[in-house]
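> Fit chain G to the given chain S structure using the hints.
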Amino acid sequence: MKEVLLKVRGLKKYFPVLSGLFRRQVGSVKAVDGIDFTIHSGEVLGMVGESGCGKSTAGRAAIRLIEPTAGHVTFLGQDLLTLSKQQMKEMRKKVQIVFQDPYASLNPRKTVRESIGEALLYHGLVSNKQEQTERVAEILHQIGLQPDVMNRYPHQFSGGQQQRICIGRAIALNPRLIVCDEAVSALDVSVQAQILNLLAELKEKLGLSYLFISHDLSIVRHICDRVVVLYLGKVMESASAEELFSNPKHPYTQALLSAVPKSHPHEKKTRIMLKGEIPSALNPPSGCPFRTRCPYAQPICAETPPVKIVTDKKTGGQDHTYHCILD
Amino acid sequence: MHLGKTLALVGESGCGKTMTALSIMRILPTPPALHPEGEVLYRGQNLLALSEKEMRRIRGGRIAMIFQDPVSALNPVYTIGSQLVEVAELHLGLYGDEAVNRAVKALKEVGIASPESRLYDYPHQMSGGMKQRVMIAMALMCEPDILIADEPTTALDVTIQAQVLDLMRELQKRKGMAVLLITHDMGVVAEMADDVIVMYAAQAVERGTVTEIFDHMSHPYTRGLFKSRPDPKKPQGELQAIKGTVPSITHYPHGCRFHPRCPFIMDKCRHGEVPDFTLEPGSKHQAKCWLYDGSLESSEKLCAE
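Residue numbers (the working numbering), protein chains in the order written: chain S, 1 to 327; chain G, 1001 to 1305.
What the hints contain is simulated information worked out from the structure, not anything from laboratory work. Keep in mind that this is a model prediction, so the values were computed, not measured. Glycine included, each C-beta is placed from N, C-alpha and C at the ideal position. Only true hints are included.
Which stretches of chain G does chain S cover? Using the computed rule of at least three CB atoms under 8 Å from a CB of chain S, they are:
| hint | segment |
| --- | --- |
| 1 | 1155-1168 |
| 2 | 1179-1188 |
| 3 | 1207-1214 |
| 4 | 1240-1250 |
List time: in silico PhoX-like cross-link candidates among lysine-lysine, alpha-carbon distance up to 25 Å:
| hint | chain 1 | residue 1 | chain 2 | residue 2 |
| --- | --- | --- | --- | --- |
| 5 | S | K2 | S | K203 |
| 6 | G | K1301 | G | K1268 |
| 7 | S | K94 | S | K7 |
| 8 | S | K269 | G | K1173 |
| 9 | G | K1227 | S | K262 |
| 10 | G | K1227 | S | K269 |
| 11 | G | K1243 | S | K203 |
| 12 | S | K7 | S | K203 |
| 13 | S | K275 | G | K1108 |
| 14 | S | K275 | G | K1173 |
| 15 | G | K1005 | G | K1284 |
| 16 | S | K203 | G | K1227 |
| 17 | G | K1173 | G | K1105 |
| 18 | S | K314 | S | K2 |
| 19 | S | K308 | S | K2 |
| 20 | S | K7 | S | K249 |
| 21 | S | K93 | S | K2 |
| 22 | S | K129 | S | K110 |
| 23 | G | K1108 | G | K1175 |
| 24 | S | K268 | G | K1005 |
| 25 | S | K268 | S | K249 |
| 26 | G | K1243 | S | K205 |
| 27 | S | K275 | G | K1105 |
| 28 | S | K93 | S | K205 |
| 29 | S | K262 | G | K1173 |
| 30 | G | K1173 | G | K1108 |
| 31 | S | K7 | S | K308 |
| 32 | G | K1005 | G | K1175 |
| 33 | S | K94 | S | K203 |
| 34 | G | K1005 | S | K262 |
| 35 | S | K93 | S | K203 |
| 36 | S | K268 | G | K1173 |
| 37 | G | K1005 | S | K269 |
| 38 | S | K85 | S | K12 |
| 39 | G | K1284 | G | K1301 |
| 40 | S | K7 | S | K89 |
Next up, chain S with everything else stripped away, as it sits in the complex (with noise of 0.2 Å):
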């Protein structure tokens, strides 16, 4: 069995909704209501869903980017959520985070150097400037752009270029774990396939794992070995890439794989139609969240549904579960 890298057990986050003229707490948004997941050492794990299931809050969460609610988080076999200041800094330089829009989350007044190099000194890996150029030089090599491009600006790069500039910086520490929140989305096809290679590049040659956010399901199953499906801060469905894509038990994600649009025009596709839109995080249906559009809702979805196991038909495994009454 592999190493575990993160685990995440019943996490939650929710968000204070405010009101009045004392700013009472009237109620709150269950971003996030108890998910749990497990990251492998070498894997990749993809959080899949709809806008505003939680998928990023999740993400961050896990990684005490936000303060989740509650629940417990593992990392290496440390408790992430009782560590203090100090170790957590430590904590830092194995996990990273690479965001959706790179423009926005390089800083306009530094140059390529100080954006990747930053880190470095801040966290003592080089310990001077003639050192931190070599390993800048190193990284901009690995992420495919030129060590001459060191002293330009962000604004000087194409949006591909970027994103490379932000994963550069993310590998800078040497990292285990790298969350990517959505890192393709903004970008072209063409530059998303090649941002897509140097990530699953990277992968192999730095032994990294990630945490892969996306709404887009065919970069997901063409990226991700396991993949877990979020609906309204729950997750409906987990198992390996491919054994969801072609066994799927849940009824939302069958209808999420069914409204796919096809590859071809002459494909035959059945599309289960969902009604409605997704319901208020703010007042979310007791029992199965998804009860409200299901097509086959019953009395019953109003209680917590039961965990299902699928035995893996290929590998044997147990590892594909499912909350749902349904067989």
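Chain G only, in chain S's frame:
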């Protein structure tokens, strides 16, 4: 474009898809934009030669447009109802209750539940999919001949995208209008289009029916676009990305604009305009590429692939 048919305009950001649509509608401010050259013939009438007053009758009435971002396309300080009623007043000459009834009917057509009460909602009270439905309702109120849809589903989630595409297809069938669909998503093209034009760096590089494009894609750029998407049949493995980046709009390369990124580059690609070559005699499938000029060098390149 023909009534009842959908023409898709495909390409990456910055290739001029939206500018094409805005020039047809003549809603680009001049200056900074120059008056568009060429001809836009609508039922035999050249739209570019019309006066602004004549254009106003056609714009929004005969040719309607929906935009990518419904949030910025709707006015946040007016209710949905007053914005719909305004269209009825301006283009259909309806007033009072008649205009309101027309607005209710339009909302009903796009599948919005309890349209009478929805009229009093402001845009921020609706979700993204709902707002896009309102935009479609507004565009279709005057029963236009042509609907220009600029990335209508890009801002929406897949399940909502499926709903909106379904709605557009159904309305097109019922009203028999022509649709100009601008998108970067080949999946949406496969779902909706009858004919396709692929654009690169402000030029149309390939055109044909949707089957011709998907089964016999010819221009190296079109091929690259298809290859850089993950293949659902073989999901693993390296993607064949197009190397390099889209050229800047102020410095297009000489010759074929795709030649610096093209895997089939030949000497003649570097200079001069590339003509459109027809691929099958008698068909409308054309590619702007020297590979199809029938010369020995090109045939060898094609065979070697």
